Amino acid sequence: DQQVKQNSPSLSVQEGRISILNCDYTNSMFDYFLWYKKYPAEGPTFLISISSIKDKNEDGRFTVFLNKSAKHLSLHIVPSQPGDSAVYFCAASAKSGSEKLVFGKGTKLTVNP
Amino acid sequence: NAGVTQTPKFRVLKTGQSMTLLCAQDMNHEYMYWYRQDPGMGLRLIHYSVGEGTTAKGEVPDGYNVSRLKKQNFLLGLESAAPSQTSVYFCASSYSGPQGTEAFFGQGTRLTVV
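Chain order of the listed sequences is W and Z. If you count the first sequence from 1, position 7 lands on 7 in the numbering used here, and the numbers rise without skipping. Convert by adding 113 to the 1-based position in the second sequence; the result is the number in the numbering used here.
Heads up, some of the hints might be wrong.
Calculated cross-link-like contacts (lysine to aspartate or glutamate; reagent style EDC-like; alpha-carbon spacing at most 16 Å) [claimed, not checked]:
no., chain 1, residue 1, chain 2, residue 2
1, W, Lys108, W, Glu42
2, W, Lys68, W, Asp24
3, Z, Lys122, W, Glu42
4, Z, Lys183, Z, Glu172
5, W, Lys95, Z, Asp151
6, W, Lys100, Z, Asp139
7, W, Lys71, W, Glu42
8, W, Lys68, W, Asp55
9, W, Lys68, W, Asp31
10, Z, Lys184, Z, Glu143
11, W, Lys95, Z, Asp139
12, Z, Lys183, Z, Asp139
13, Z, Lys184, Z, Glu165
14, W, Lys100, Z, Glu172
15, W, Lys5, W, Asp24
16, W, Lys108, W, Asp84
17, W, Lys108, Z, Asp151
18, W, Lys71, W, Asp55
Calculated from the structure, these hints are not laboratory results. Bear in mind the structure is a predicted one, so any value in this text is a computation, not a measurement.
With the hints as extra help, turn the sequences into a complete structure.
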């Protein structure tokens, strides 16, 4: 039973346009959400996070939106750059049992020049 | 800045063999984790540790053991390797739990069991 779902295995966008990566979760106890980026042959690196007390967090070109009622979050990248091409993982944790971070399957983003 | 270092980076094992994967971090982090990544499966937590001398089971602990004798090291052991353990293994560490600070990942160990 997948608690964090990234239903799009891949996404392709043109350079300069917006990339929107989506993530759904089923566990209502999750109250902290993160996005990690992974390049081939490297470990994941932290990108941005959001607490459930917020509905938006912005860091430069990256913005994460959280819709608690829909149990949905999204990562917006504007403008997209070829260097953003990577696999993006959505992850979530709950305050109870907060040592555990549950990851989605990832979405491979390709930004075409 | 070394960060999180995993040893070895690649390994091929025969079924039934044993091996230990070493993870070392130089950031004085309390929390350490072992994940495995399989195609189409994302990252799944094997075991984790919230401090020196402590370990706990994650999502997929069967067939693995861990030890955290020193704060900076987290060892993952396979006592009798099976083909189902063919995967890419990632170690990570964080100052506090996922709700506090980001986790830093190592570069991964690609293990093939034949």
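### Index of numbered hints that the structure contradicts, given in increasing order
4, 5, 6, 7 and 11
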